[in-house]
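Here are the chains, one letter per residue:
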Amino acid sequence: MSAARARGEGPSAAYWTGFVVVVGALALSPLVLPEFWQRFATEILIWGLLAMSSDILIGYTGMVSFGHSAFFGLGMYGAAAALLMLRPPNLWLALAAGLVAAAVVAVFVAYFSTRLRDIYFSITTLVFSQIFYVIIFTWTEVTGGENGLTFRQPPLALPGLFSIPFTRNGLHWFVLAVVTVSYLLLRRVTQSPFGMVLQSIRENEPRTRAIGYHVERYKIVAVMLSGLFAGLAGALYAVQNKFAAPDFVLFLVSGETVIFNVMGGMGTLVGPVAGAAFFLLMKEVFSRVFYEYYLIPVGIIFTLMVIFLPQGLLGFLRRRLNQ
Amino acid sequence: MAERWQSEPWTKDMWWSGKTTRRRFLGLSATAAGALGATMLVPAPWREAFGQAKPYKIGVLQPLTGAAAAGGKTALVGSQLAADRINKSGGINGRPIELVIADYESKPDVGRRKAEKLVVEDKVDVGEGGYLSNVCLACMPVFEEQETVFMIGVCLDTTITTSKCSRYVFRPFDYAPSQAVAFAPYLVKKLGKKWHIVYLDYAWGQSTRDAYVEQIKKQGGDVVGTTGIPLGTADMTAFISKITGSFDGLFAIMFGANAVTFTNQAYDLGLTKKAKYAGDGAVAESTHLTALGQKVEGFTGVNRYIPVLTKPLDTPYHKKFFEESKILLKQMDPSGPDPDRYVQSNFEAMNFLKLGIQKSGFKGRAAGDAEFKKESLKLIEALEGMEVKEGDDFPQGDKTLRREDHQAFLRQFIFDIHNNKHRLLEVIPREKTVVAPACTFPKA
Numbered sequence: 001m002s003a004a005r006a007r008g009e010g011p012s013a014a015y016w017t018g019f020v021v022v023v024g025a026l027a028l029s030p031l032v033l034p035e036f037w038q039r040f041a042t043e044i045l046i047w048g049l050l051a052m053s054s055d056i057l058i059g060y061t062g063m064v065s066f067g068h069s070a071f072f073g074l075g076m077y078g079a080a081a082a083l084l085m086l087r088p089p090n091l092w093l094a095l096a097a098g099l100v101a102a103a104v105v106a107v108f109v110a111y112f113s114t115r116l117r118d119i120y121f122s123i124t125t126l127v128f129s130q131i132f133y134v135i136i137f138t139w140t141e142v143t144g145g146e147n148g149l150t151f152r153q154p155p156l157a158l159p160g161l162f163s164i165p166f167t168r169n170g171l172h173w174f175v176l177a178v179v180t181v182s183y184l185l186l187r188r189v190t191q192s193p194f195g196m197v198l199q200s201i202r203e204n205e206p207r208t209r210a211i212g213y214h215v216e217r218y219k220i221v222a223v224m225l226s227g228l229f230a231g232l233a234g235a236l237y238a239v240q241n242k243f244a245a246p247d248f249v250l251f252l253v254s255g256e257t258v259i260f261n262v263m264g265g266m267g268t269l270v271g272p273v274a275g276a277a278f279f280l281l282m283k284e285v286f287s288r289v290f291y292e293y294y295l296i297p298v299g300i301i302f303t304l305m306v307i308f309l310p311q312g313l314l315g316f317l318r319r320r321l322n323q
Numbered sequence: 001m002a003e004r005w006q007s008e009p010w011t012k013d014m015w016w017s018g019k020t021t022r023r024r025f026l027g028l029s030a031t032a033a034g035a036l037g038a039t040m041l042v043p044a045p046w047r048e049a050f051g052q053a054k055p056y057k058i059g060v061l062q063p064l065t066g067a068a069a070a071g072g073k074t075a076l077v078g079s080q081l082a083a084d085r086i087n088k089s090g091g092i093n094g095r096p097i098e099l100v101i102a103d104y105e106s107k108p109d110v111g112r113r114k115a116e117k118l119v120v121e122d123k124v125d126v127g128e129g130g131y132l133s134n135v136c137l138a139c140m141p142v143f144e145e146q147e148t149v150f151m152i153g154v155c156l157d158t159t160i161t162t163s164k165c166s167r168y169v170f171r172p173f174d175y176a177p178s179q180a181v182a183f184a185p186y187l188v189k190k191l192g193k194k195w196h197i198v199y200l201d202y203a204w205g206q207s208t209r210d211a212y213v214e215q216i217k218k219q220g221g222d223v224v225g226t227t228g229i230p231l232g233t234a235d236m237t238a239f240i241s242k243i244t245g246s247f248d249g250l251f252a253i254m255f256g257a258n259a260v261t262f263t264n265q266a267y268d269l270g271l272t273k274k275a276k277y278a279g280d281g282a283v284a285e286s287t288h289l290t291a292l293g294q295k296v297e298g299f300t301g302v303n304r305y306i307p308v309l310t311k312p313l314d315t316p317y318h319k320k321f322f323e324e325s326k327i328l329l330k331q332m333d334p335s336g337p338d339p340d341r342y343v344q345s346n347f348e349a350m351n352f353l354k355l356g357i358q359k360s361g362f363k364g365r366a367a368g369d370a371e372f373k374k375e376s377l378k379l380i381e382a383l384e385g386m387e388v389k390e391g392d393d394f395p396q397g398d399k400t401l402r403r404e405d406h407q408a409f410l411r412q413f414i415f416d417i418h419n420n421k422h423r424l425l426e427v428i429p430r431e432k433t434v435v436a437p438a439c440t441f442p443k444a
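In order, the protein sequence lines correspond to chains A and B. The numbering of the first sequence is this note's numbering, which starts it at 1 and goes up by one. The numbering of the second sequence is this note's numbering, which starts it at 1 and goes up by one.
Careful, some of the hints might be misleading.
Footprint (simulated), chain A over chain B, 3 or more residues, beta carbon under 8 Å [stated by the list, open to error]:
1. 104-111
2. 270-280
Pairs of lysine-lysine residues, derived as BS3-like cross-links and limited to a Cα-Cα distance of at most 30 Å, are as follows [unchecked claim]:
3. B:K57 <-> B:K443
4. B:K189 <-> B:K123
5. A:K283 <-> B:K274
6. B:K164 <-> A:K242
7. B:K274 <-> A:K242
8. B:K432 <-> A:K283
Facing chain B, according to a computed beta carbon distance under 8 Å, are these residues of chain A, among others [what the hints assert, rightly or not]:
9. G148
10. H214
11. E216
12. Y218
The hints are simulated quantities; they were obtained by calculation from the structure and are not laboratory data. A quick note: this is a predicted structure, and the numbers were derived from the prediction, not measured. Positions of the beta carbon are idealized from the N, C-alpha and C atoms, including for glycine.
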């Protein structure tokens, strides 16, 4: 990829054609899907954004984070706070509050965890997510505790211009637009000199340090960037579902995010989105067929994928997707 | 020797003779396919009894996997028992009922998605179930948006019928404020004046603690201290050892494995010998008694349901409910546990729906999508203020489903554990469990 960039090669026409086709198909999906699946498609996009955000760390920097649930959850609670406190509820302020909450947490987590590497980094992020979980779970007066917070959905509004309540399709298109812009931004970041350094850290951290890069600073920025987009996903989830619950801060959400990456293909940005879609659809379909035993086939398929498709669903496109 | 019967003359027609012709093979295949197809087209046993009558679809939400799976499966037994009985007795308004069961994996996001699946895709006429309060609260807006009645089977959180109440949601069993009103006089007058409350430190534990603090004080008693223990704490000794000072009774607000851990460790540290041990009925559900053994002996609690067959629960309806539940529970757990309050409340929730549908003539989605909202409102009006009498459908006792907040009021049982079994001490009539409504339904 870097060689292609060095030669001044941009993404191919095939890449952009594929991009337009996929975004177009996603945009049209609510018009053809049954009602339940319309909403499910929107939810997949939100989980996909969370997975994409974690790919910055897992796929590009080589840092496996188990703390993404904290960023996602705090983004959700930040948006919830804005929606509960502001009258009338404002979509943009909710998203901004979600981003701020996630950013604050990300700074805190990044400062302490990036001093460590490998499994120690993963464990530290997991510990931080659990700390935030316990705080949210027990601080009932503020967070609603176990029951979480429920609120009304804000309208899609631009001050002075219009204010319309979200329809099911409207929300899908809004989420799709946010996810698409996030993808393009993250793609730009991964292809920038900053992104190259992150990939260099992934490939050989001591050598990156040896040639003069301040690795810890890059890692801190990577965690913050990743946390910011995870928080955006959390805020979108709050807007879509009108509730925030401590379960989203639990480490299990982080675990699922890692699974999305492994299934979809790390280091591709879109792979984790595909992984999220595949995993969530698989769970939904199997739970209808196998009821409470659905995790058995899910586990078998995941194991088979790790053995026979270690690069994930879109891993084979990694080079092309990063052009 | 073992195969000799195959050469007997009477086996000629049934045993493979080695003369399978193509015509015979195709004929047999077609017959098998036809039989299989017919089975798939007529899957439910109620078809035989009800002909082509369209069933009422009842969407049942329960956690069948995840942290709350054990409780969810037990709760489901109550819904299934009621559905079986309703179908055997001719259905509702001549129509059978069909349960559409959804497992929400003990997660609120999945719960919300499954609730949406039930109402949007499966087109259920009404919803039932719940179990985890956070999932109930997450799902309530879905039922409200889809204008579908949701009869809660277990969720206990107070706010469901107070600050977060919904016109489409009913709770046909008790909640903490009501239990505290019922139990506090007994605690203060018969067990002791000074209490220390130990609670699970999260929403349900905290709201229940507040309700008991208020009622104990109202009765002239005193709460000298409270100790919160995080949910899922495996070693509670650090918390228990801090419980010091002078008090007559220790009041525990716990459930499930947490209750077992706390009772065992408090006993080992001598706390439950030093003071009287009382608490929420969930501390000593029948499913825990084996694990608790002697350590829970003497515990005094309050519960809407206890599995005893002594007066006034020696009625034929309760015996029938008890025995039929035990059969279903044994299919799930070979040790054959007694039914608990989760089985009872889901069973009765289904029967509230039955009576509401009968009374209102609710047609559900059979009336057409355009009419469905009107149908739901008819059902809501029929359920609001409904009074039911103790009987086959309500073995726990009489109930009122209050119009103002959709909260039920019912009698409470004060019991103790004697020889590792529940022993009924006192029955608090439902009139003495009533608390003022605190709900304003959101405008449609």
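Each hint tested on the structure:
1. 104-111: holds (count 4)
2. 270-280: This one is violated; 0 residues, fewer than the three required, reach chain A with a Cβ under 8 Å.
3. B:K57 <-> B:K443: holds, 27 Å
4. B:K189 <-> B:K123: Not OK: K189 of chain B and K123 of chain B at ~52 Å, beyond 30 Å, violated.
5. A:K283 <-> B:K274: Not satisfied, since the Cα-Cα distance of roughly 51 Å exceeds 30 Å.
6. B:K164 <-> A:K242: holds, 13 Å
7. B:K274 <-> A:K242: Cα-Cα ~48 Å, so violated.
8. B:K432 <-> A:K283: violated, 47 Å
9. G148: Where the cut-off is 8 Å and the nearest Cβ of chain B is about 6 Å from G148 of chain A, the hint holds.
10. H214: Violated, because the Cβ-Cβ distance from H214 of chain A to chain B comes to roughly 39 Å (cut-off 8 Å).
11. E216: violated, 34 Å
12. Y218: Interface hint status for Y218 of chain A: violated (33 Å vs cutoff 8 Å).
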